[in-house]
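K.L.:
Starting from the structure of chain A, add chains B and C where the hints point.
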Amino acid sequence: MIKMDVLAPGILLWLFAVILSGPAEVQAYPQFQEFVEKRSKQPVNCAMCHANGNGPDGQKPGQTGGLNEEETKRLEQARTAFEKGVEVESPILNQFGNEIVRSLGRKKVIALIREPEKLYDELPAGSDIDGDGVPDRDEYLDGTDPTNKFHASPLKLLFINLNQFKMHVALAALAIFSINLGLGHLIKGISLLSRKRA
Amino acid sequence: MDDIKQTERAGSGNGSLTGKAMNFMLERFPVEKMNFHYMFEQKEVPVHSMSWGYYTGGLTFFFFVIQVITGLFLIFYYQPTVSDAYLSVEFINNHVSGGSLIRNMHAWSSSAMIFFAMLHLLVTFAMKSFVKPRELTWIAGVILLFITFTFGFTGYLLPWNQIAVNATKVGLQSIEDVGQYLPGALSTLPQVLRETFQGEASVGQSTLGRFYALHVVILPLALSALLGLHLFQVQLHGMSRGVDEKPKRSEKFFTAFFFKDLEVWALAFFILFCLALCIPFESFLPFPLLAPYDPLGATPAGIKPEWYFFFVYYPLELLPFWVILLASLAAVLVLFLTPWIFRGTSRKTLRFIAVLAAAYLFVMTVFGQAIYEALKS
Amino acid sequence: MLDSFLYVALPYLAVTICIAGSIYRIRREPITYSALSSQFLENNGLLWGSLPWHIGIIVIILAHALAFLCPGLWQQILSVRAVLLVVEVCGYGLSILCILGLVVLAVRRLTSPRIQAVTTAMDLVVLLLLILQVGCGLMIAVQYRWGSLWSVGTTCQYLWSLALFQPDISYIQDLPHAVKGHIVGAWLLILVVPFSRLIHMFSVPLSYLTRPPQNVIWTNPRRAEAAGEVFVKEESRRHFVLAAGGIAFGGFLLLIGTFDKIFNFFFGPRLSAAEETKLMQHKLERLKITAEQRSLELERRESRFIFIADLKDLSDTEGKYFIDFSMQPGIAFKGENGLPILISAKCTHLGCTVGNRRDAEGRILCPCHVSYFDVVTGKPNEGAPAKAPLPHLGWILMNSKDQVIARGPHDKTGGVNLSAQTLADARVFVTREEG
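Protein chains in written order, with our numbering: chain A, 1 to 198; chain B, 1001 to 1377; chain C, 2001 to 2435.
One chain only, chain A, in its complex shape (with noise of 0.2 Å):
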């Protein structure tokens, strides 16, 4: 009937064909966001690594309907990072986005949409791009912006802050109480010298 010798062949063309081109086609990847809210328990976005906190797809500034010619040549050009290494500077993705395909490659990124906690291990350890201390693959598990300094896990933020500045807590604590024990000593003089005329 079929014949399988020329079935076969087709099939597994048309199987890479669809790995191949479809998720190049899909702009948006879910299972990272569905990964990082069971993770990290609390609600995340696309803003992650995505400019436009909605997602890629719209009109919008930072979304695929909404670029214009300079970010559209840009875009253009991050499609292409198949392999890591390369700088891009997509207009749809952040930068914790374009640091993700800098490190990983587009092919990485696609493989690991369906092992969303390997990108975890992908990751350099040492890339913080906001600053805070925490670097951006701990800030992916705890499911806090990579991109702002202000946010990230309490607990972890007040142990990095509170070696960063030891000395200015240390100097604060010496001015404090220093002035405490001073304005205390002046209400006891205050206060001796009142007793006496009363």
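Hint data in this document are derived by calculation from the structure and do not stem from the laboratory. Please read these numbers as outputs of a predicted model, since none were measured by experiment. Just so you know, not all the hints are guaranteed correct.
Simulated crosslink set (DSS-like; lysine-lysine; CA at most 30 Å straight-line) [said to hold, decoys possible]:
(1) B/Lys1043 / B/Lys1260
(2) C/Lys2401 / B/Lys1304
(3) C/Lys2288 / A/Lys73
(4) A/Lys118 / A/Lys41
(5) A/Lys60 / C/Lys2283
(6) A/Lys149 / C/Lys2387
(7) C/Lys2233 / B/Lys1260
If we take Cβ atoms under 8 Å as the criterion, some of the chain C residues that face chain A in the derived model are [claimed, not checked]:
(8) Val2008
(9) Val2080
(10) Leu2084
(11) Val2086
(12) Gly2181
(13) His2239
(14) Gly2246
(15) Phe2249
(16) Gly2250
(17) Leu2253
(18) Leu2254
(19) Gly2257
(20) Asp2260
(21) Phe2263
(22) Asn2264
(23) Gly2268
Cβ atoms here follow ideal geometry from the backbone N, Cα and C, with glycine treated the same way.
P.N.:
Relative to chain A, chains B and C alone:
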């Protein structure tokens, strides 16, 4: 002394309303005690197991002072318009020298002030500090508490991000929901009230404008006036006894207690400074809620009011609206009439009630979300 | 040769002689463990000489000791520029105090006949050495600036090498002559300690700092009367001194810590060109959003119907958001019969915007407190927090010639007679009144 007796006799002799009112006022505002010697030099603070409670009021005041100072710095750069509010706050955070610290101190100190205000309420209740002649102190204090919560509610809107506007919408919506329980023509009253608060059909520039005016001028003036009355009454009548047993000793307010008060304030400021330096308040919220408000988009998930409203918010989610309405009305009524309702209650019972209330507040605030999720499914 | 004598042999010699000599002296002549105070002989000059000298030298020596004992911590503290400036300026001030004190003391010792009567040669030697040493130190501070920092890597290391019995003079070999002279002077001073009045350094009355106030009982009736007042005055003075010290120190720290921050706060942030541009861009974007809002509001004032979308662009599963006449969100779907369904998206529970994706049962979800609304009827699901149904909004269909060809939701007659072609070209508008 004799003139007072004279006036009292004269007043009670009449038995009239004016006589009684005069009596009442004279007992609450004893003129013979309104001098420096009595109000400052002689004032004493009893020393007993609940003495720690005497610091709570001072701490609330201290945090208010910090709010005023940090707030004054913030209004240099904050812009109360719909198009510029979010960006001005970002500007303060990122570019103004010391801006992020000042803003963070303002946020942390607001939570601290509300926390200690509630603690002060519970402690003064348990110490039965509201009995005659301190009823006016108590009433002024309850109004001060409501003003403090309003401070929090109005201030929360000012950054104009997703959480700010949506949480305010949710809060104002609950006012409008009262309408369904009012008869006939009155049912539109809450909606009118809500639109008065809002300034227009939905939360927008008018709302921001009037919330800003409230937060920066009207509420501070009101609070300062009432606080003046509250503190004047405290100095006039002295510290309340606090416990049933006679205190073994008491220390002078000025200097011994004031000295310790200052130490507590110094410690509180140091802890506040460290927290504000190390943990930005926004890190407690999921980042989609920190995005600038988008009037034309979907509401992001996770909208809820600030933590100090949780004790009303989660019950609102779990129970029918009319239950919450009745309970809140009852609570407010009881709060205002406490000096008369609990006049004869023993301190032991009061302490029990206070502990119960504290337990409810703690559980609902800390575990409210978990309870809601457990019961929802 | 000379170097190894001066910087290796001399230090060990000086410290050994100092320790051995002091121990010998306290055992044989303990009474001589004093500064041989001449206050009884001459009081005023001593005040103006001894006080500034001692205040200055004690702080300076403590700072030198701190730098020697904890060079790492010292370096970390001084890495803050403001602190470095303060420390150096304080050093200048204190050494000037020392020199002035020493000058007064020298003049006193050389010209007062009473003091001359009790002066020994060693006194003059000590005076000379001290003046030279402090003068040298000040000169170093001025000419070879930031000594408090460079000493960490040079003289401190040299001293530690001596202390650990692995003397290494390479640390100080290339230092200027003034510094080397200062180092030698220090060893000389240590050497003469057991032979001079400098031995009084080992009998510092530390307990004086915390002694309780003394209440003197006077037999003299004049003094006895005033005793109470005097006592209170002196005790309160102690408090005021502590108060002034505490507040001054704390205030000083606070000032140097916050001054530049506060000044820059009021001066205003100075952004780089790139940052200014980005800020302007953001502001423009926000203004555009507000402008859009206002134009939408105007549109709703002036028109009786607002364009939503072409009917063919509406989907039955993913609704299109629009703003209705009361500036509230609404969603437009394509219904089963090809006609549009326009429903309010303001959740009837607490006002959140309802989502626009229909699930398998044709319902849309409000994410805030999880209410499902059926799109066709608007009713919420059983047990949802929302009780009231979402209201439907009135719409009209217009063809390409701007004629109204259908209206809804209540007017059912028009829709059934429309051909597929007309529907394909139709445009959906929301109207002010319902149906």
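K.L.:
Give a verdict on every hint.
P.N.:
Each hint, compared with the structure:
{"no.": "1", "hint": "B/Lys1043 / B/Lys1260", "result": "15 Å, holds"}
{"no.": "2", "hint": "C/Lys2401 / B/Lys1304", "result": "49 Å, violated"}
{"no.": "3", "hint": "C/Lys2288 / A/Lys73", "result": "25 Å, holds"}
{"no.": "4", "hint": "A/Lys118 / A/Lys41", "result": "18 Å, holds"}
{"no.": "5", "hint": "A/Lys60 / C/Lys2283", "result": "16 Å, holds"}
{"no.": "6", "hint": "A/Lys149 / C/Lys2387", "result": "42 Å, violated"}
{"no.": "7", "hint": "C/Lys2233 / B/Lys1260", "result": "24 Å, holds"}
{"no.": "8", "hint": "Val2008", "result": "37 Å, violated"}
{"no.": "9", "hint": "Val2080", "result": "7 Å, holds"}
{"no.": "10", "hint": "Leu2084", "result": "13 Å, violated"}
{"no.": "11", "hint": "Val2086", "result": "12 Å, violated"}
{"no.": "12", "hint": "Gly2181", "result": "35 Å, violated"}
{"no.": "13", "hint": "His2239", "result": "3 Å, holds"}
{"no.": "14", "hint": "Gly2246", "result": "3 Å, holds"}
{"no.": "15", "hint": "Phe2249", "result": "5 Å, holds"}
{"no.": "16", "hint": "Gly2250", "result": "3 Å, holds"}
{"no.": "17", "hint": "Leu2253", "result": "4 Å, holds"}
{"no.": "18", "hint": "Leu2254", "result": "5 Å, holds"}
{"no.": "19", "hint": "Gly2257", "result": "6 Å, holds"}
{"no.": "20", "hint": "Asp2260", "result": "13 Å, violated"}
{"no.": "21", "hint": "Phe2263", "result": "18 Å, violated"}
{"no.": "22", "hint": "Asn2264", "result": "16 Å, violated"}
{"no.": "23", "hint": "Gly2268", "result": "21 Å, violated"}
Checked against the numbered hints given earlier, this structure breaks hints 2, 6, 8, 10, 11, 12, 20, 21, 22 and 23; the rest are met.
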